[in-house]
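Using the hints, position chain L against chain Z.
Protein chains in written order, with our numbering: chain Z, 1 to 83; chain L, 1 to 330.
Keep in mind that the hints were calculated from the coordinates and are not lab data. One or more hints might be untrue.
[Stated by the list, open to error] Calculated pairs, DSSO-like style, for lysine-lysine (alpha carbon to alpha carbon, straight line, at most 27 Å):
#  : chain 1 : residue 1 : chain 2 : residue 2
1  : Z       : LYS31     : L       : LYS123
2  : L       : LYS93     : Z       : LYS33
3  : L       : LYS214    : Z       : LYS31
4  : Z       : LYS31     : L       : LYS66
5  : L       : LYS55     : Z       : LYS11
6  : L       : LYS95     : Z       : LYS33
7  : Z       : LYS33     : L       : LYS66
8  : Z       : LYS31     : L       : LYS93
9  : L       : LYS55     : L       : LYS95
10 : L       : LYS55     : Z       : LYS33
11 : L       : LYS198    : L       : LYS214
12 : L       : LYS123    : L       : LYS73
[What the hints assert, rightly or not] Just some of the chain Z residues that point at chain L, by a computed CB distance under 7 Å:
#  : residue
13 : LYS31
14 : THR64
15 : VAL65
[Unchecked claim] A few chain Z positions that, by computed beta-carbon distances, are all more than 12 Å from chain L:
#  : residue
16 : VAL9
17 : GLU12
18 : LEU23
19 : ARG27
20 : GLN34
21 : GLY38
22 : GLU42
23 : ILE54
24 : THR78
Heads up, the beta-carbon is just placed ideally off N, CA and C, and yes, glycines get one too.
Below, each chain spelled out in residue letters.
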Amino acid sequence: MFKQKMMQVFKETLNARRLLCPLPVIRTQDKVKQLQPGDLLEVICTDPGVMHDIPAWCRINGHTVLETSSGNHEYIITIRVGE
Amino acid sequence: MLAAKVIMEQGVHVEGINFFTGFCVEGHTHAIREHNSSKPNRNNALWVAEQLGIKLHIVDVIEEYKKVLINPKHGYGTHMNPCLDCKIFMVNKAKQWIVENGFDFIITGEVIGQRPMSQTKSKMPIVSKQSGADDLLLRPMCAKNLPATLPEIEGWVDREKLYGITGRSRKPQMEMARNFGIEDYSQPAGGCCFLTDKFYSAKLVDLWKSQGTKDYELDDIMLLKVGRHIRPKAHFKLIIAREEGEGRFLQGYKKEFISLYCSSHPGPLAIIDGELSAEDIYFSARVVARYGQGRNEEQVDITITEKDGSERVIQVKPFAKEEVPIEWHV
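In isolation and in its complexed conformation, chain Z is listed as follows (with noise of 0.2 Å):
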């Protein structure tokens, strides 16, 4: 037998839609900091900008980008918090 230790994850979702960048990377960084590492976090947005701009704000401050989608003009990142 073992135990099976379970995490509970918590997921959120930001909408961002209609800001321009930098705001959305603002948002993301407000939000970011009421979670724990290991949340998730989905930001919906309308700026194509984001997808550079979070990714690579992520990337400087450790968190990940675990899937990125695009569709009638909205832009979908979700993001696991880092340490």
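Below, chain L alone, put in the same frame as chain Z:
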């Protein structure tokens, strides 16, 4: 970038702060305008931080910045740019940030003589003193031409390894970049703030004049970056998209403003800012028709969308070129 590199070379831990006032050119312009899509669509502060391998903190100062722009103690530059007050404000914010986050001193990339308003030798001590940073503000690029600061006096950095660059030429910085092995960097300053732009400044002045007060919200200053601004009468202004990207951007404001477009021919989306009579709307429709492909027709259909989303179509004769005088263009 270079100032950070100089200090990092001395083994000092550096993190970046980037203040967002709402008037930064690069991000917004790239996002809105289709024709800029060939340029790298990146935030240069983030890009530089990544090149240096340092953290970057982007700080929203939109609200606090209003008092700097609306009433600058040291006045405006050639246009609506309050450069000296802006610098004092940002260094003050940086001072607050280092205190809150346990950092020891501030560095900037300033060079004596590089900018006419805020980077002269006489202005450097004004920024240090009025920001409250005093001798915690180190300018590695020109430190040898300035009194020693606390980091130099205390030996946290070696003054001998700092620089004494002066003047507007960027050649010394380009040589430094080469020596550091930096091949790609953002273009030297100038044009990174909308407030230094003649046309943007005119739109800001027009906004304040039409409101009767020097104040703004973020949406106001965003819209000044987009489209043709045409004020046929004192109490209303049209913002007409110049291309598809701007049209998409203006779509986001259809709940805040009456919008209109030519539905019988290809043409741009426009929004109207102001309190309008039926006559004003008809007049506006004729202006908007002027910027569509039906401009030479006797009559075109213009669809008008109210803020609640209800639509109606009217027929108008587009204004001729000479009927939209240059004086209407803000």
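Hint by hint, here is what the structure shows:
Between the alpha carbons of LYS31/Z and LYS123/L the distance comes to roughly 38 Å, so the proposed pair goes past 27 Å and is violated. A hinted pair counts as satisfied when its Cα atoms are at most 27 Å apart, and LYS93/L with LYS33/Z qualifies at roughly 20 Å. With a CA separation close to 32 Å, the supplied pair LYS214/L and LYS31/Z exceeds the 27 Å bound. Taking the CA atoms of LYS31/Z and LYS66/L, the gap is about 24 Å. The hint holds against a cut of 27 Å.
At roughly 24 Å between alpha-carbon atoms, LYS55/L and LYS11/Z fall within 27 Å of each other, so this suggested pair holds. Between LYS95/L and LYS33/Z the CA atoms are separated by roughly 21 Å; this keeps the pair inside 27 Å, and the hint holds. For the proposed pair LYS33/Z and LYS66/L, the alpha carbon gap of about 26 Å is at most 27 Å, so the pair holds. Note on LYS31/Z and LYS93/L: the hinted pairing holds, with a Cα-Cα distance of about 21 Å set against a maximum of 27 Å.
Restraint check for LYS55/L and LYS95/L: satisfied, since their Cα atoms lie roughly 17 Å apart, inside the 27 Å limit. With a CA separation close to 14 Å, the supplied pair LYS55/L and LYS33/Z stays within the 27 Å bound. Distance restraint check for LYS198/L and LYS214/L: the Cα-Cα separation of roughly 18 Å lies within the 27 Å cut-off, and the hinted pair is therefore satisfied. Under the criterion of a C-alpha separation no larger than 27 Å, the hint pairing LYS123/L with LYS73/L is consistent with the structure, at around 14 Å.
Annotation: interface hint on LYS31/Z violated; nearest CB of chain L at approximately 13 Å, more than 7 Å. Checking THR64/Z against chain L: minimum C-beta separation of about 15 Å lies over 7 Å; hint violated. For the restraint placing VAL65/Z at the interface with chain L, the shortest Cβ-Cβ distance is roughly 14 Å, beyond the 7 Å limit, so the hint is violated. With a least beta-carbon separation of about 25 Å from chain L, VAL9/Z lies farther than 12 Å from that chain, consistent with its non-interface assignment.
For GLU12/Z, the non-interface assignment is confirmed: its Cβ lies about 19 Å from the closest Cβ of chain L, beyond the 12 Å cut-off. For LEU23/Z, the condition that its CB be more than 12 Å from all CB atoms of chain L is violated, with the nearest at approximately 7 Å. Look at ARG27/Z: its CB is around 9 Å from the nearest CB on chain L, not clear of 12 Å, so calling it non-interface is violated. Against chain L, the non-interface label of GLN34/Z holds: every CB pair exceeds 12 Å, the least being about 15 Å.
Remark: the non-interface label on GLY38/Z is consistent with the geometry, its nearest Cβ contact in chain L lying 20 Å away (cut-off 12 Å). At the 12 Å boundary, the C-beta of GLU42/Z stays outside the reach of chain L, the nearest C-beta of that chain being 20 Å off. Not every CB of chain L lies more than 12 Å from the CB of ILE54/Z, the least distance being 9 Å, so the non-interface label is violated. With a least CB separation of 19 Å from chain L, THR78/Z remains clear of the 12 Å interface cut-off, as annotated.
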